[in-house]
Structure formats: C-alpha cells, structure tokens
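*Asks:* Chains as they are written, first to last, in this note's numbering: chain A, 652 to 1130; chain B, 652 to 1130; chain C, 652 to 1130; chain D, 652 to 1130.
Incorrect hints may appear among the rest.
If chains are identical, the list can't say which one is meant, so a pair holds when it fits in one copy or spans any two.
[Unchecked claim] Mimicking DSS-like on lysine-lysine, the simulated pairs with C-alpha atoms at most 30 angstroms apart in a straight line are:
hint: 1; residue 1: Lys993; residue 2: Lys1024
hint: 2; residue 1: Lys1024; residue 2: Lys830
hint: 3; residue 1: Lys1088; residue 2: Lys972
hint: 4; residue 1: Lys830; residue 2: Lys972
hint: 5; residue 1: Lys972; residue 2: Lys755
hint: 6; residue 1: Lys1071; residue 2: Lys897
hint: 7; residue 1: Lys1024; residue 2: Lys818
hint: 8; residue 1: Lys1024; residue 2: Lys970
hint: 9; residue 1: Lys1024; residue 2: Lys972
hint: 10; residue 1: Lys993; residue 2: Lys804
It should be emphasised that the hints constitute simulated quantities derived from the structure, not laboratory data. Remember, it's a predicted structure, so these values are computed and weren't measured experimentally.
Number of protein chains: 4
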Amino acid sequence: MDKLREECGVFGIFSKERSALANDVYYALFALQHRGQSSCGIVVNDDGVFNSYCDNGLVGDVFTTERLSSLGEGNAAVGHVRYGAEAGSASRSNAQPLVVDHVKGRLAIAHNGSLINYAELREELELEGKIFQSDGDAEVIAYEIIRQRLTSKSIEEAVSRAMDRLKGAYSLVVMSPSKIVVARDKHGFRPLCYGTTERGDFVAASESCALDAVGATLVGDVEPGEILVFDRNGCRSIRDHCGEVKKSLCVFEFVYFARPDSVVDGSAVHIARQRAGAFLALEHPVNADVVIGVPDSGIDAAIGYARQSGIPYGVGLLKNKYIGRTFIAPVQKVREDKVRIKLNPIASTVAGKRVILIDDSIVRGTTSARIVKLLREAGATEIHMRISSPPFLNPCYYGTDIASRDVLIAHNYSIEEIAKIIGVDSLGYLSIENVKKIADRCNKDDFCTACFDNIYPTEEPSGRSRNRYDRKLSEKEGN
Amino acid sequence: MDKLREECGVFGIFSKERSALANDVYYALFALQHRGQSSCGIVVNDDGVFNSYCDNGLVGDVFTTERLSSLGEGNAAVGHVRYGAEAGSASRSNAQPLVVDHVKGRLAIAHNGSLINYAELREELELEGKIFQSDGDAEVIAYEIIRQRLTSKSIEEAVSRAMDRLKGAYSLVVMSPSKIVVARDKHGFRPLCYGTTERGDFVAASESCALDAVGATLVGDVEPGEILVFDRNGCRSIRDHCGEVKKSLCVFEFVYFARPDSVVDGSAVHIARQRAGAFLALEHPVNADVVIGVPDSGIDAAIGYARQSGIPYGVGLLKNKYIGRTFIAPVQKVREDKVRIKLNPIASTVAGKRVILIDDSIVRGTTSARIVKLLREAGATEIHMRISSPPFLNPCYYGTDIASRDVLIAHNYSIEEIAKIIGVDSLGYLSIENVKKIADRCNKDDFCTACFDNIYPTEEPSGRSRNRYDRKLSEKEGN
Amino acid sequence: MDKLREECGVFGIFSKERSALANDVYYALFALQHRGQSSCGIVVNDDGVFNSYCDNGLVGDVFTTERLSSLGEGNAAVGHVRYGAEAGSASRSNAQPLVVDHVKGRLAIAHNGSLINYAELREELELEGKIFQSDGDAEVIAYEIIRQRLTSKSIEEAVSRAMDRLKGAYSLVVMSPSKIVVARDKHGFRPLCYGTTERGDFVAASESCALDAVGATLVGDVEPGEILVFDRNGCRSIRDHCGEVKKSLCVFEFVYFARPDSVVDGSAVHIARQRAGAFLALEHPVNADVVIGVPDSGIDAAIGYARQSGIPYGVGLLKNKYIGRTFIAPVQKVREDKVRIKLNPIASTVAGKRVILIDDSIVRGTTSARIVKLLREAGATEIHMRISSPPFLNPCYYGTDIASRDVLIAHNYSIEEIAKIIGVDSLGYLSIENVKKIADRCNKDDFCTACFDNIYPTEEPSGRSRNRYDRKLSEKEGN
Amino acid sequence: MDKLREECGVFGIFSKERSALANDVYYALFALQHRGQSSCGIVVNDDGVFNSYCDNGLVGDVFTTERLSSLGEGNAAVGHVRYGAEAGSASRSNAQPLVVDHVKGRLAIAHNGSLINYAELREELELEGKIFQSDGDAEVIAYEIIRQRLTSKSIEEAVSRAMDRLKGAYSLVVMSPSKIVVARDKHGFRPLCYGTTERGDFVAASESCALDAVGATLVGDVEPGEILVFDRNGCRSIRDHCGEVKKSLCVFEFVYFARPDSVVDGSAVHIARQRAGAFLALEHPVNADVVIGVPDSGIDAAIGYARQSGIPYGVGLLKNKYIGRTFIAPVQKVREDKVRIKLNPIASTVAGKRVILIDDSIVRGTTSARIVKLLREAGATEIHMRISSPPFLNPCYYGTDIASRDVLIAHNYSIEEIAKIIGVDSLGYLSIENVKKIADRCNKDDFCTACFDNIYPTEEPSGRSRNRYDRKLSEKEGN
C-alpha cells in the first residue's frame, strides 16, 4: 500500500437518558472508518456496568445486529477505530477502547495519537510491578490517570495531572462510571471536536463528520490542552493546560487524513483541499487540456487546480466501488499491469490529451508509476503530475505511519529523478509556505509540518521510545 | 431503493491454452458487478467437464480463493452477475450461468435481457413433458436451443434457429464442450461486445470495462442479430439475422446502467453523460453559483452541465464508501432524517449558494426529496434540479425493472408538482430528442426510448407473459 | 474413510393445519443425519407455493434459525439428507428434495436408493429433448412421473404407472400441491415407514427414529411396492405393485446403516445387532478376558457377544466426541500413529488382557489395523477380531457405496491373510446364514445379501448404467 | 443444563527443538475439551516472542488451519480451555492463557482452579495502583508472581514465593521466555500430570489423555505443592511446599469431570467409575432385568453395576451424536416432551423390563425426570435410579460450579422426595465412605468431599471473596 495511514478515530457520547447508545457509536464509527480500518470497539456504560466489544475488522463486519444489541442500553458510551500493523495483532491486542478496573472504579479509554515518552513511562511503571497486556499507548495512559486518581478528588483532576506526564500527541475520550472526560494534548496534534444533539446529549469526536452521522450539531473544537467534562450537570471546560505551548495541528489532516465534509479547527477540509489545488496551479502552471485527480483523495485538489488554471476538470480514472477486503488479487505477476480491476482509465477523457494529474502525496512512488502507465496506455500524450503537499522527508512521531526516511522516495531522490521514476513529463509539489495556508480559518503558524521541514514541535523521542518507531517500521517492511 | 436496476451482466472467454480461466471471469464479473448484485456464477469448461459455482451474493463474497481454485483449469469459461428480487431466491434459484446436459452434450448459458414471449414458449414446452426448475428466461432459452440442436449440425446453427422463436431482449453467451457462441437479439436492446487478449484468447462481455479488467482489447460490438462463434479455429461471425429489424439499443445504458469507462456500440459512456449534462444546460439554463451531482451517477452530467454553462462544478455531497451490505440501518424512525451516514452534504460547497443539482433520473422521488432536505439544512439558498434523462412514463419489457406506471412519479404528477414534492426551486428534464443524441457515435434513431415515449420496438407482451411483468412488480411492492 | 456410506434419508409430513412444519422436518433430518452428511434440504408447501432450501453440509450447519423461519408455514413438507462424493458437488448439484414445475403443477421429490436402469431412461428422455441439471436419479424419476401425469387422473396414479418403468431401489416421498405420495420399490431394498402424530398429521420417514424425533407414533412400514397417499382425506394405501417380486431388504441396514433405536420392517435394530454378536460368539468362540466394541457401531454386537459367551463386556476405546468436520488432521506423517485424538484406548480395560474386538465390517482394513496397533500399545496381550457380518465380496447397485470388488480386502485376501494384515491373533466373520437371522421379526429369505453372496435380486445394470457405478468408484479413488 | 461444569484444562510443552508446537497444543486441547467449552487459547514462545490467539468457542471452531499456522514455530507453548458464564464474556474477557509483560520479561499463564482469597489479593493490588482487565484469577496470580519476580533470581523462585500468598485451588502452567514452570496447589485439588515425548520434549497437562493425544508418555503426577521446571537443562522438581498440608484431590474428578481414558494421581478413571458402579450394586441392590447408563457419563458405572450384580448390561438410551452448538431447540413448549432429538430411548432394551438406571449425579433433577418419563413411555415397567456419587449438599470453592445450596435438589428434599419428583420406583446414592474408595491406587483420605460432607480442606472464603461465589450463582440463575 502506497498510502499513509492515520492511527485512530475516537468518539464519546453522554446522555441524561438511558438508550441504546451503541447504535449512535456505530454510526459515528462508520463516519470515522477512514481513520482506522484494523480494529474497532464500542463500550456502553449502563450505570457503572461497562458492556464492551472490540475486534479486528471493519465496523460493518465486527458489529452485527446481535453484537450491537448485546451491548444493551446506557447513558454514556465510547468508541474507537484503529489502524495497526496486522502482524502482531493476533498475539497482542491493542484494540480499543481499553476497559480497566482500578481501586476507585472503572475506566474506558479511547485514544488517537502517539506518546513520545511511552517507553520511559512504561519502564517506570514496570519497576513498580505493573503488568502490560498490550504495547499500545492506551495502557500507559490508563496507568498514569489511575496513578493520579488515587490522590485526586475527581477523574478530571486525575486526567489533568496525568497530562503533565504524557508527552506527544493524544486526543482522548475517557469514560468513568459517571462522566465522560475529553482531552486534547497541549499541541493539539490531532483534531478533536464536540457538539450537542437535539435532546441535549453531549458528543465528542475526532472529526465533525461523526457528529453529522449521529445528527449532532458541532459546537466547537476541543482546544489544545483543554479538558471537557460531560456529566449530569452538562458540559464543563478545564483550561489549565491551554496555551502552555504553541499549537501544532498536523497539516496533513487537511491534505489527506480528514474527511472532506469535516470541519477541523474551524476550517472546512474540502475548501482546504481545493485551495491546495489552487496554490499548486499558481506554483506549478503548465499548458494542458484536462485536469484529473487520483480518486478519491486527489479529486478536490484537482477541482481547485482546474478552477484556478481555467483548464477543464475531467474524470480520468474510475475506481471500482465493489473492491473490498474480500477481493483476491491477481496471482500471475506477468499479467498484473494488464489487468485493470481497481482503477481503470477513462480513455475518452485522456486519449490524445495533455493531462494534469493531481494526487495528495507520493510515498514510495510505486502506485503513481502504475497509474501513469495506465494513462499512457489510454492515450494521454503528456502527463504533468502535481502533488498537493510538500515532499515527505522526515518521520512523524505524532500518530501517523511516516516512520522512516529510508522508505520515502523524496528522501532518496531529487524531484527530477522522481519524475523520471514514475514516468511523468513534469512534477510539482506544493511548497511548505503554501501548505500552511490551505486551511482558510487557521493561523499559518498553528501547524506541525515536521515531516516536510524537520521542525519538530517537541523533543524527538530517544532511547527505547525511539526504538519503538524504528521497530514499527521494520514490522511493516516485513509484510 | 429509489434506483432502477439492470437485470444482468454476461461474460465468456475462449482460449487455445488451458489455464485457470476462473480468475479471468472473476475479474470480469467484478467489473460488471454494477449490472447485478443479487447472484453470480462461473462455469469453467475443462475438456467437456463443466465445473461451476453459483450463489446469491456479491462476486467478492461468493468467490473465495478456495472456490475459485476448486473450479480448476480449462480452455473456456462463462460468467454471470444478476439482479433479482430477493423474495423467491431461496426457493427457486435463477442463478446463472445455467448448466444443462442434453442428448448431444452439455451447455452453459449466461443471459442478459427479457423475453416477451416467455410464457407462450414455456407452456408449449410443458405440454411436451418438459420440467422447469426455475422461473427464469435461461431455462426456456436452453430448451429452445436444444430443441433445434436435435436436428442441427452445430450448436451455432441451433442458436441461430432458436433466435427465430425467441422474442424480446437477449444478449447470450452459450458455452458448448468445444465452443463459445455469443448472440445478441435482433433489436440489440442490451449491449454486447468482444475482444482479444495478447495471447489470442477471445472474450465477450456485456460491457467493454470487463475487457479492460482482463487486459483484453476491444475489437467491436456484437451487432443486433449477429452470432459470433469462438473455437479452436478462431472467431467467426454469422449474420443471418442482422438487419431483420430496426436497431433499438436501450438509451438508458448511456444515461445510467453502463459504467462510465465503457464504450457501448462505439460511443464512450462517460462522454455521453457529459453531453447529457451539456444538453441540459442548453435546455434548462438557470442562474446559480455551483453545479453539483448526486454521487456516483450524477457526477459526469454535472461536469458536462458546468462546462456548458460556465457555472463552477463542485463536490456537494459525500458518499460513505464503507457502507456496504453489512450496514445496519437506523431503527428509530424519528431520527432517521437527522442521521447522515450514507450521504453527507459538504456545507462549505453549498452554504449560502444557489445550487444546481444533477441526477440521472427520478423514479419515486423519495431519495431526491431527502437529498434536497440535506442540502437546505447545509445552507443552500436555492436548489435547481436537473435530470439527465426524460421522465419515466411507461414500463420496460426488455430487462430493467421499470415495471409499472403506478409507481412512477412522473406518470402521476406534472413536472411542477414533482418540483414541489421534492422541494426544489426548479426542475428540468432532458428532452427525448436530446437524449437520443447523447451517444456521439450512434445514430439517433438506433435507440429504444419506450419508457419515455411509449413507442415499443416490439409488440407488447400479452396474456401470461404480461402477467409475469405485473407479478414482478407486485413482488417488489411487497418488499 | 474406511466406512460404508448409505446414500440418503427421506422424510415427509402432511397436516390438516397450517404450521411451521420446517421445524418438524429439521428435527427429523437431525435423526436421519447418519444416513447422509453431504447435503440436506427442506421444502414446505404453503398452499401450492413451495418454499425450499438445500445446501451442502450437515443439517445443523445448513439450517440456521433464519433459514428455517424463511421457509414459513405450510400444511405439507418434505426433507432429505444425502451422502455424495464431494468432488462434483460444486458443479452439479444433486441436493434434494428436487423441486420441479410441470404443465399440471409442481412436485418436490425426496429419494433414497439407486435405479439400475438410470442410463437407459435418461437416454430415452434426452432423445425427446429433455434437459438435465444434475446426474441424480431424482431428476429421471421426476420426468417419468410427469410423463405419466400428462395422461393420469392423479399424482398417485402417475407414480404407480411410473413404478413400472423404474427398476432398482427407491424409497420415495413425493409432494404435490395437495398431497404427499410415499412409495417403496417392489423389492423393498431400503426401509420406509410411516406414522401419525397426536394432532393427526401423517408422517413418513426412512427410519422410525425420525418419527420419534417429531413425537409421532410408528404405524407400520411401507410394504415393498406399496404406495401411500396422505391428503385432506387421511391416509390411503395403493397396493397394485405389492407382491410382484420377492422382498429383498438390504440386510446391512440391520448390521450398520440404520440407527440402533429404529425399528425396521418390524425388527428392532439394536436387538438385531446384539443377536449378530451372539451368533458370532457361537460361530467363533475364543478364550479371552474382555469383549470390547469399536465405537460406535461395534458396541451393540460386542454386548451381544459378551452376553452369549459369558466373557465380560468392557469399554476399551474412547471416541473423542468433539472431533467434527472442523478438526485439522495431523500434518506430520511420521507422528500420525503416535497421536491419538479421535480414538484412544483405555489401558485399564485392555492392559494385560486377552481382548475380543468387535466391529461391524471391514472394508479396506486400514482403520482396523490402526485400532489393533493402538490396543497392542495399550498392553493387550491377544486380540481376537470378530466381524458382525460376512465378508464383502461384491458391489452393491441399490444405494450404498460398495462399488467395486478391487477395493474390498475380502475380495483380494483370504481370512487368514486379512488377520495377518490387520495384525490380530484370530479373525472371524458372521456367516451368511446367520446374518439373515439377526432381525428377529423378519423372514430370513426377505433379504438382499448380494454384496456377500453375489445373488442379485434384479438383473445387474449393464451398458451406460453399469458405467455409472464404475465412474462413481473411480471418483472416490481419485479423492 | 443440569450438569456440573469443570472450570478449566491446562497444557504446556517445552522442546529443545523449534517446531510448529501450536499443532501439539491443538491436539491436547481437543483431548481436554470436556474440561471447558467456553473459550480456548494457545500461546507459542518463539525465542521470547509470544504469539497467541484466544477466543470464545470450541477448539475446533476457534482454531482454523490459518490461525494455527499464524502462531508459527517455537520451542515452548501453553494452551487452555475454559468454561465460563457466557453473559459477561463479551465485555470482560477472561480467556486464557493470559499473556503479560513485566519489567523482567514476559509471562503466559494457564490456570485451572479457584482462589479463595482472590478479592483480598485484588484489593491489595488495586491499592498499589494496579489495573485489572478481567475478573479472573489468572490476572491476580500474574501480579503475585511478578511481585515476587522483582526480587527473585528466577521465575520458579517467584512462583514458589507467590504460592505462599495464593490460597485455594490452582493447577498452573506458566511460560517465561526460557522456561515452563508447572505448579499444583498444596492441596492438589485439581489434577496435573506430566510426561515426555520420544524426541525428549516435556509436557504437562490437566489430564493424561492430553499426553496420549500428543503421543507423549505419562511420567507421573505433579504432587500437591510441587513445582516442575522445564527448560534446556531438562525437567527439575521443587518440592518446598510439598507436604505442607493434607492432600485434597476433588473426588468428583473420578466420578464425572475427568475423561475415562485418563489416569489421575495413579488411578485409572474408567476403573474408578466401574468400581463406583460395583459399590452401588452392593449398597443398593434391587431385582431387575437390565442395567442401563445415562450416556455418556453413566455408562462406565452401569457396566460396573451390571458386573457386580449379575444383571445384564444394556444400551437403553441413544444420544444423537450430531447435536452440537448449532442445534436449534424446539420452540413450541407444549410439544417439547414429545420431541426426542437429543436422547431417544431404545424400546427394545427397556420395554416390559425392570430397569436400573445409572447416572453420576443429580443437580436440579429436571433432566433425570425427563429421562425417566422417556423410559416409561418406551415401556419400562420399573425404574430404579442409582447415582454413582453421594448427594450434593454444599457449594464448591475450588473450581467447579456447584455454587449454592439453594439450587441443589438434595439440599432441599429427602431422597424419598427426590425419587418421587423424578418419578422413579427407587433411588440410591453412593455413600461418602465408598466414593472415597473408588480410585484404587489412591488413599481414601486424600480427597476433598466438601460438596458432600461439608468438611472443607481450607477456610471458607469470606467477605468480598465469598460474594464472588454468590455473584457467579446469580449470573447463572439469570440465564
């Protein structure tokens, strides 16, 4: 797979009325499915009894009617979708939400992000005799919250105090027997928003599209460092950690991760992608007959490029919408590039034409090369590739799988060389300066762009914590 | 479901070499899946032994790796995808290809279309002591071919003689132990094309996208009344029935049924849809800010409308690509229209805008009304709906499920009334004159437009054959 | 597998009241499951509408709650379990009951047995232009019944007239829109009995254990050549064909096929097996310490042997009751005979003991040799094997899979040689004379013992019909 | 369900060679399946990497070929089968083996038994900030071992020191990265044995039948309080805790729980059951015609009773061997006792006879009453029930589900009353004195018989630990 993957999506709902909240979480997780397709889980709080089900697989496969109804009713619930390396998933389940019992009760935790001091915290905990049943952040976060809980008056105070020890990216939804506590790390690396429903429920989610899915209205974003508490008294904000450090929202949420119909930190994602296309047209103009996008993620930027350049937008590639997890890939290597199942060029759009081809990013380059070959065979006379983000040059420590420089084509080759490798007549990337401007309602300094410019908002992980990122990479290489 | 459904897709391949042809059929059926999602089947001919598997379900669900490999190798194979009412499917299997033994050997038959004299033929056969294990056309066609086969020198002669008795729409792929015979009815109601692969295999398919899927090159279309024979001597055409009657290709193949990347009877489907949009812009212009399409089928026409009108094209509705057969629909009726799982409006595209909304057709109007409501809630100030085909007024007897006038909104209401029912500011349909012109390489008189203008290319079915259409309708109503 | 397999079990029920009869058939098929484990099916007659479901697999796997309830209610129903070679089952479904439409209505047919003139009848039918969708007897039987139906006043008359053309073994349950017709071939090769329920339903089944399963009371056996008609007027017998030929019930039904709790043609199967053991003790006495049976089928005869001989009965082998179709056999050949999963000797029963080991038959001898080895390892000092039937020497044409002489160990070796091959100290088979006496309420001349004595009650199949038996064998060899 | 259920079965294997040990565990778990049918799991140690898979379900359903091969190779492995209330299983997984990481490495734990000081230990752990992801003993045991591990030189030392804190019943198989440590509680409540394979592997299992299943030879039993260490240096015994307290093996292992082909603490289970039958014949003789057993567990005692009394043994009840988890129970209450699917009486054995019916125990009495009714309908003239164990009067705290006095029929009624309730002519239980003598190689004082005589080998659990037993009961009642 030549695509970056987000690590997770989180969702929580608190209602004054008891109802089958698992259904709401189910719809929300469907809307967040693009953020994680490896495993998913739902926990329903029925007056302190937590009924939960987590498993590997897509939401629609894991949750049958029976599973959902077995979760019963409750007045609070949390859910999670997760992307994770398949290899280890049989042996060490990192599926979330994590449910744990402790001396003062019970917690369910849904987490999106990545701690940079995971190994240091875990080592400290292990020395205290604590045991670990996964290698995920959530278990460390649970221990840290519970450590504080022993001497705190409330779960939200425990979360607030734990935040001083947790470093890196985390968007959390924590459910106690009587509350839901929502927290976003001080840098605000990953999105997190909240809203209300007509009957007065409070909901929080990684993206606003999950609020739409349950018929809730977006109230706003959880600010970097902010804690929200949903309970019988309503919604309360704790801002002790707000403003402690510079905001560093991952700009790639706008470029690729988030869904186009979401609004992240005030900016519409769809608009941001069209703006990225428009900036690209300004930065890398070229004479051509048609602008096409690689479906689905290059479509919006292609429309933006077309509008800005005045060159007509066209549909040049058709994606087979029936290809799912069950599809059996062609076995005969030799015929592979003749067989066009997943993506078929529309010859009537590209034959005899000079084509501008828009995609959001290039990771290894293999997929791009294959698409370019298809378009040439379909008769495209020139192909000018435009990428709606800058080249990937550095690893990400904040919850995506841009894991190592070695694998990144842009780290190893010049732009001219890449153009030659993937077979295009010209190639242009969006500049770092402009990618910071694509979100129209955000401040251009509010972004983390470390993967492009090597400027990390935190110290880089070292020692065992660093090894963790390298290990992740090698596992993926091994696939 | 507020969508018309095609009845079937067919595919056949003949090779001089023995290989795992089930894989090729599998890829082809994936490409034809849009033509039928109820059941599918593959038959592989291994030197006269026919290994087959058919079942209800999507291609990706029915055919696992084991199923495919259990079909073994062979030098000819046929495949089929089918849409059909679910109700009776457990008790009476109409799944195809149908495999039958007869005195001179064995046949596999894959069929797309609908016979208007089914009941008359079946009655005659039953009086001869013949038995029926389904209520599908294929069994009657099999009997008629075999009736002729008893006194014919070849299977192709038997097919040719049977064509004098079969009335209505049929695109057939028939496999005997040594040949594949491909035949299209004299009117050419349904598409059927053929091609070759690099190693010299001959393939036939309902649409050219299935040829792309197996890496074959399109040679041309099977002409109305034409019979093609694939065997060890190559490909041979029998044109005895060509030109007997006026060509009457279903125009709705261009509007909706066929895949945009297919070429049908020489015309590119994608181009045809853009032309439909362009004609619409000329027939029904309106002042607006953005043109959007209902995904997926309205997108191409929206782009055509935008280009012709100069009004910008935008993405106004996002379809959740994870919603599949496993999705559990919201149970609570009251909340249904608040919950936006399958389709979510992109507010940043439509808020505060005058929107032109393009769809390919309106059947009952319920889905359109729901979409319009979503767009209004997302802030659209005006909604002008444009339909890239004329209003449905009459039933179809040639293989689609436009079954009865009663259910068709356009049969019961004026255009102004429909506009009011679905809640749009204005509504415009493409004219019959222009719909005949959307396929740029076809003659405008070569189409069947009976569902729009009541001009049927054949006599209308009567008696028991007519009852069959009415029964189909009532079954669907009962769902 | 070193076991003979019965071909089928049939069941039918007719009620004056409409109810969910699929449940009754389901319980009955569970009771008949030992007669066929490859496929099963149920057809419910709801006032002329036949709702059916058939599939490969065990009753418990094929029929889920949903499947059963989808069959709805009715006042008549038929069911079938079937054993069949797996090889061809994907391509040519022989699953029953077969449902067919004909000019005078509809039939469902469930059949146990084997026609010896199948090929002759089929050829005649094919020459009339009839087509075949399976290679099973049921389709030929359907055609023959319907051929007669065209000129008969009733379905029972058609069945009666068809019986003059059908040669060989058949126990039939035929359902028309208004009746159930039950028929047993003139020789009575396979068992068939009937009974009534408390509410007055009539039921027919291959064995009386299926009547117990639905709470019905056994009335009696369908006599050779007899036809029973169940309809709104009650139960009626047609005896036109009774007594036309000598009765020839398969004696192996008592030895192995039937369930011990069944009563077949008046004799209790369990008693017959104990008597077989007692005869064995008289024919082949030996000094020993314990008598054990190979579970499950050797147990009854072992008890009979023990009682007759005065040597204590013991449990010497334990069968793992959790081993089912899902069990994955040991892959490493070398370790196979060390691993004892399916059958484990009970050392405390056999260690240091002279053991008499009872089984019902020896086909190839491989399983017996393996069991003997296990018992030796567990410490048995002597092993005397006794078989509760005579040696298999000839093929069966009447519905079991004793297909060819070549595979039968007794056809190729003397008893002394067999004893050496399987590693026992002595070996004794029941005599033909005594096997005819095991059923205490049956006449000793009423049995078919052709597989033992080569005396066939009918002509042996010839030409194409004969090839059919040979082909079956080679398919099995190929497995 | 009117049957007692064991809580668990454990298995471990250590090999000097690396191989696909998951297969061995798989076969062993099949042999132990009778000890737990709710969930199962396997962990393979591949040089410190623990590959594991646990799920709810039977071994044959959970472990497909793919699952097994995904566990890869290794030189040590552990496995577990478990019985547990279904209710909570979705939300709180207690499936084992439990795999945990700690500061000095990694552990996998498989446990059979029940701690009587669970709640006290857990409370202490929670106060130290430890979290719990299940409510099973294994997690507490893991914490206690790891608590000791921090200051121990070896894992076996840690296990030994933990044993001073763990009270109650536990048969443990613990796997560290380099060893397998096997331990049995000081009372030896649950069985635990070990052996070797031909290639020198060491194996430990709850029962010797699991050793047979993998082709291993039984060396002996792990003694009460004994610890065995399997590592590259061979097998070593640590006997520090041996002899600290009186041995108290659960006598019901011989009566019902263990498999008849197992040898437990030197005594063959099958022999023990026959002896129980023989004692019964001496204690409760009666004039009768036949002795039958309730399958499967009453068969052995019935044979023993028959031998001692001289009354013939017979097969009076047939169990349908196809009834599995998929079977759908009859819905219509009224017909339930007429329908005989699971168990059918063999009339030929019991009709007109005075029957002695042997079963191993009576819990609630419902099943016994139903069986007696079936036998009467089949014609039994007298029914004398004999039970091969004393009446249950007290709860068990050591790993079975005899949870509360309220539910036990013998606690609430006299023997005469019970006879009347279940409808027998006479009823006799084995005496406590004799049940202690059934295992011929065991000392009669070496047993726990608390459920019969209220003499508990340990203090009874109190406070929160006691509530745990009561809660378990109420969950079961709620089903």
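*Asks:* Give a verdict on every hint.
*Replies:* Hints and how they fare:
In the homo-oligomer, the alpha carbons of lysine 993 and lysine 1024 lie at most 30 angstroms apart inside one protomer (14 angstroms), although the nearest pairing across protomers, at 34 angstroms, exceeds that limit. Taking CA atoms no more than 30 angstroms apart as the test, lysine 1024 paired with lysine 830 passes in neither setting, with 55 angstroms inside one copy and 35 angstroms between copies. Taking identical chains as interchangeable, the C-alpha atoms of lysine 1088 and lysine 972 lie at most 30 angstroms apart only when they sit on different chains, with a minimum of 29 angstroms there against 33 angstroms within one chain. For a Cα distance limit of 30 angstroms, the shortest separation of lysine 830 from lysine 972 qualifies neither inside one copy, at 41 angstroms, nor across copies, at 33 angstroms.
Proximity of lysine 972 and lysine 755 under a CA criterion of 30 angstroms is satisfied in neither setting, with 49 angstroms inside one chain copy and 42 angstroms between copies. When the C-alpha separation of lysine 1071 and lysine 897 is checked against a cutoff of 30 angstroms, the pair qualifies neither within a copy, at 40 angstroms, nor between copies, at 53 angstroms. Taking identical chains as interchangeable, the C-alpha atoms of lysine 1024 and lysine 818 are never at most 30 angstroms apart, the minima being 44 angstroms within one chain and 45 angstroms between chains. Proximity of lysine 1024 to lysine 970 under the C-alpha cut-off of 30 angstroms is found in both arrangements, the shortest distances being 16 angstroms within a copy and 29 angstroms between copies.
Proximity of lysine 1024 and lysine 972 under a CA criterion of 30 angstroms is satisfied in both settings, with 21 angstroms inside one chain copy and 26 angstroms between copies. In this assembly of identical chains, lysine 993 and lysine 804 lie within 30 angstroms of each other by CA distance neither inside one copy nor across copies; the values are 55 angstroms within and 43 angstroms between.
The structure fails hints 2, 4, 5, 6, 7 and 10 (numbered hints given earlier, in ascending order).
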